[in-house]
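Q: Okay, here's what each chain looks like letter by letter:
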Amino acid sequence: MRRDLTEPPVVWAALLAVAVVFLAAFLVLPLVAVFAQALEKGFAAYVAALREPDAWAAIRLTLLTAAVAVPLNLVFGLAASWAIAKFEFPGKGTLLTLIDLPFAVSPVISGMIFVLLFGRQGLLGPWLGAHDVKVIFAVPGIVLATVFVTFPFVARELIPVMQALGNEEEEAARVLGAGGWQIFFRVTLPSVKRGVLYGVILCNARAMGEFGAVSVVSGHIRGLTNTIPLHVEILYNEYNFQAAFAVASLLAFLALVTLLVKSLVEWRSRRAARPVEAAREAA
Amino acid sequence: MSIEVRNVTKKFGSFTAVDDVSVTVPAGELVALLGPSGSGKTSLLRIIAGLEAPDAGAVLFEGEDQARRDVRVRRVGFVFQHYALFRHMTVFENVAFGLRVRPRVARPSAAEIRAKVMDLLRLVQLDWLADRMPSELSGGQRQRVALARALAVEPKVLLLDEPFGSLDARIRQELRRWLRRLHDEIRLTSVFVTHDQEEALDVADRVVVMNRGCIEQMGTPQEVFEHPATPFVMTFLGQSAVFSGTVQGGKAFLGPLAVDYPDHAHEESRPAAGYARPHELEVSRIENGGGGLWATLRHTSPAGSVVKLELADPDGRSLQAEVTREQSESLQPRVGERLYVKPRKLRIFVER
Numbered sequence: 000m001r002r003d004l005t006e007p008p009v010v011w012a013a014l015l016a017v018a019v020v021f022l023a024a025f026l027v028l029p030l031v032a033v034f035a036q037a038l039e040k041g042f043a044a045y046v047a048a049l050r051e052p053d054a055w056a057a058i059r060l061t062l063l064t065a066a067v068a069v070p071l072n073l074v075f076g077l078a079a080s081w082a083i084a085k086f087e088f089p090g091k092g093t094l095l096t097l098i099d100l101p102f103a104v105s106p107v108i109s110g111m112i113f114v115l116l117f118g119r120q121g122l123l124g125p126w127l128g129a130h131d132v133k134v135i136f137a138v139p140g141i142v143l144a145t146v147f148v149t150f151p152f153v154a155r156e157l158i159p160v161m162q163a164l165g166n167e168e169e170e171a172a173r174v175l176g177a178g179g180w181q182i183f184f185r186v187t188l189p190s191v192k193r194g195v196l197y198g199v200i201l202c203n204a205r206a207m208g209e210f211g212a213v214s215v216v217s218g219h220i221r222g223l224t225n226t227i228p229l230h231v232e233i234l235y236n237e238y239n240f241q242a243a244f245a246v247a248s249l250l251a252f253l254a255l256v257t258l259l260v261k262s263l264v265e266w267r268s269r270r271a272a273r274p275v276e277a278a279r280e281a282a
Numbered sequence: 000m001s002i003e004v005r006n007v008t009k010k011f012g013s014f015t016a017v018d019d020v021s022v023t024v025p026a027g028e029l030v031a032l033l034g035p036s037g038s039g040k041t042s043l044l045r046i047i048a049g050l051e052a053p054d055a056g057a058v059l060f061e062g063e064d065q066a067r068r069d070v071r072v073r074r075v076g077f078v079f080q081h082y083a084l085f086r087h088m089t090v091f092e093n094v095a096f097g098l099r100v101r102p103r104v105a106r107p108s109a110a111e112i113r114a115k116v117m118d119l120l121r122l123v124q125l126d127w128l129a130d131r132m133p134s135e136l137s138g139g140q141r142q143r144v145a146l147a148r149a150l151a152v153e154p155k156v157l158l159l160d161e162p163f164g165s166l167d168a169r170i171r172q173e174l175r176r177w178l179r180r181l182h183d184e185i186r187l188t189s190v191f192v193t194h195d196q197e198e199a200l201d202v203a204d205r206v207v208v209m210n211r212g213c214i215e216q217m218g219t220p221q222e223v224f225e226h227p228a229t230p231f232v233m234t235f236l237g238q239s240a241v242f243s244g245t246v247q248g249g250k251a252f253l254g255p256l257a258v259d260y261p262d263h264a265h266e267e268s269r270p271a272a273g274y275a276r277p278h279e280l281e282v283s284r285i286e287n288g289g290g291g292l293w294a295t296l297r298h299t300s301p302a303g304s305v306v307k308l309e310l311a312d313p314d315g316r317s318l319q320a321e322v323t324r325e326q327s328e329s330l331q332p333r334v335g336e337r338l339y340v341k342p343r344k345l346r347i348f349v350e351r
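Respectively, the protein sequence lines represent chains A and B.
The C-terminal position of the first sequence is numbered 282 in numbering that gives the first Met the number 0, with every residue numbered one higher than the one before it.
The C-terminal position of the second sequence is numbered 351 in numbering that gives the first Met the number 0, with every residue numbered one higher than the one before it.
Quick caveat, the hints were computed from the structure, so don't treat them as lab data.
Here the structure is a predicted model, which is why all the values come from computation and not from measurement.
There may be inaccurate statements among the hints.
The calculated lysine-lysine pairs, modelled on BS3-like cross-linking and capped at a C-alpha distance of 30 Å, are [to be verified]:
(1) A:K85 to B:K10
(2) A:K91 to B:K10
(3) A:K192 to A:K85
(4) B:K250 to B:K341
Distance ranges between label pairs, derived from CB positions [as the list claims (entries may be wrong)]:
(5) B:E173 to A:P89: 43 to 53 Å
(6) A:F184 to B:A26: 28 to 38 Å
(7) A:A103 to B:A52: 32 to 42 Å
(8) B:R211 to A:G211: 52 to 62 Å
(9) A:L94 to B:V349: 54 to 64 Å
(10) A:P189 to B:V104: 23 to 33 Å
(11) A:K85 to B:A26: 28 to 38 Å
Beta carbons are placed, not taken as given, at the ideal position from N, Cα and C, and that holds for glycine.
Work out the full structure, taking the sequences as your base and the hints as a guide.
A: Encoded structure:
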């Protein structure tokens with residue numbers, strides 16, 4: 000531990016203690032409790048809870064939702080951050096505000112908006128009904144709601160990174176004869192790689208874990224429109240705690256993997272960017 | 000390949016960055032665009048490169064209009080002020096970039112690319128750093144990598160934007176001598192932008208002095224230094240003593256000085272100013288021949304190849320003079336004493 004701080008040891012020891020106690024009480028303990036509850040009746044029961052058909056359907060639906068929402072928001076995030084960081088256009092401020100909208104609005108309200116738009120009594124309801132397209136209480140609604148709730152993640156992560164980079168490297172590539180796509184794939188994308196990874200990780204975590212918005216549009220049809228979080232809620236309400244925690248442990252596990260990948264990315268980029276003072280004298 | 004800029008104008012909103020500028024850069028020359036910040040020199044360079052489109056006027060390479068040619072196909076080498084190296088690529092990959100992005104038919108083989116890149120890195124004396132990342136290099140090394148990268152595409156002209164702007168003084172001086180030698184070796188038509196008059200006079204074959212989007216003067220370093228066309232060029236290219244006053248009937252009355260000025264024989268009086276460089280001021284204890292003024296010595300800086308004297312004229316205005324060490328030793332100036340200062344050469348500009 001570094002001791003080259005000006006504060007007396009008592010102060011930093013106290014700060015450290017507060018941080019550790021807080022972390023233990025609010026993060027580590029619940030996490031341990033989730034896994035403890037999930038494995039309460041042994042490993043066989045744990046596996047059985049996951050292999051139960053409705054649970055399995057919920058897992059598949061969650062994976063499908065994330066598989067649609069994350070790539071969509073990756074493309075959107077790249078396009079939006081590129082436009083915002085590199086160009087001046089009217090309405091830029093408005094676009095920035097709109098990107099933050101899903102963060103500002105409660106997910107439940109987001110879900111309600113989709114019901115109002117696509118529900119049977121909604122704005123587009125009659126037209127959708129006539130064409131036999133079901134959005135609300137069906138998979139499309141869940142995907143739509145998830146895409147909406149998670150769309151700020153990639154864009155928000157990339158905008159500051161792109162703005163900090165400026166235009167010079169791209170201009171240099173252009174002078175050297177590179178075309179638009181070559182510039183994007185060889186210069187822009189690699190230099191924001193870390194931001195992209197970050198955004199995707201966070202976007203994915205939220206897409207799989209979203210509850211509020213999905214809950215409103217899903218209709219909770221077992222085996223059909225239940226995602227993992229919704230399935231956990233149902234099991235919990237049925238006092239089937241062991242199964243509820245077993246399924247919940249998947250999300251907890253996802254959170255751990257997310258954090259692990261995130262710190263791995265940070266660690267690797269710190270190593271790549273280490274400045275070397277050598278070779279200076281030869282300038 | 001010669002460059003011709005013909006009546007180019009560029010506006011950013013209501014600000015005119017480049018105002019009806021025409022310049023010709025003969026093939027194989029190294030030309031400096033010199034001016035203070037905001038004088039339009041970088042805008043002009045970017046217009047030549049094709050990174051910026053002029054609002055009016057034309058850019059011609061070897062007589063050929065470049066207006067319809069995108070920066071991608073203009074074959075210019077551009078070195079950015081802050082290097083703009085690709086930070087996620089090694090030095091080798093940075094230099095190879097221009098070759099790798101060529102369409103398949105025009106792309107050299109991997110072995111050819113390797114040979115070419117290593118040749119260029121040897122040219123800039125950095126072949127031993129090929130596998131480093133840009134973040135591991137010093138400023139001077141990065142600048143040289145940027146130069147090698149620009150040369151890799153075999154440009155027809157080389158454009159450099161404040162190439163030494165962000166380096167410290169010693170490396171700056173080394174690198175500019177090196178750039179001059181390199182230019183003598185490869186003879187590529189080159190234009191570089193700088194705000195440092197010493198750099199421009201030291202390196203360039205020809206200097207273009209810019210101010211407020213217009214060209215004040217073009218010429219060899221000696222021409223612009225010895226025969227400045229405007230008061231701006233005079234003051235921008237170095238320190239000078241200014242004597243303001245009027246011209247009338249073939250005479251100039253500039254504060255304490257009165258000298259002949261046959262160029263203005265009119266009886267009508269016009270405001271004017273006379274300029275002299277510090278080394279053109281003669282300093283003595285006697286009034287030899289007149290045509291000078293008495294001033295009080297305030298401070299001397301004896302360090303260096305010349306001795307700098309700071310004097311104050313009767314009105315209290317500061318006056319800088321430079322004398323050789325020998326002169327200083329025979330004169331033995333003392334702070335506080337009155338000395339006679341006489342411009343050996345005076346450039347008079349009449350206000351229009």
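Q: Do the Cβ positions of A103 (chain A) and A52 (chain B) conform to the proposed distance bound of 32 to 42 Å?
A: holds, 40 Å
Q: Decide if the proposed pair is consistent with the structure: K91 (chain A) and K10 (chain B), CA atoms, cutoff 30 Å inclusive.
A: holds, 23 Å
Q: Taking the CB of K85 (chain A) and the CB of A26 (chain B), does the distance hold inside 28 to 38 Å?
A: holds, 36 Å
Q: Has the hinted range 43 to 53 Å been met by the Cβ atoms of E173 (chain B) and P89 (chain A)?
A: holds, 48 Å
Q: Taking 23 to 33 Å as the stated bounds, is the beta-carbon spacing between P189 (chain A) and V104 (chain B) within them?
A: 26 Å Cβ-Cβ, so the 23 to 33 Å window holds.
Q: Is 28 to 38 Å a correct range for the gap between the Cβ atoms of F184 (chain A) and A26 (chain B)?
A: Taking Cβ atoms as reference, F184 (chain A) and A26 (chain B) lie about 37 Å apart, which means the hint holds.
Q: Holds or violated: K250 (chain B) with K341 (chain B), Cα cutoff 30 Å?
A: holds, 17 Å
Q: Holds or violated: K85 (chain A) with K10 (chain B), Cα cutoff 30 Å?
A: Given pair K85 (chain A), K10 (chain B) holds - Cα atoms ~20 Å apart, limit 30 Å.
Q: Does the Cβ-Cβ separation between R211 (chain B) and G211 (chain A) fall within 52 to 62 Å?
A: Given about 60 Å between the Cβ atoms, the range holds.
Q: Is 54 to 64 Å a correct range for the gap between the Cβ atoms of L94 (chain A) and V349 (chain B)?
A: At roughly 57 Å between Cβ atoms, V349 (chain B) and L94 (chain A) fall inside 54 to 64 Å, so the hint holds.
Q: Checking one constraint from the list: CA of K192 (chain A) to CA of K85 (chain A), max 30 Å. Satisfied?
A: holds, 17 Å
Consistency with the previously given hints is maintained throughout, with no hint failing.
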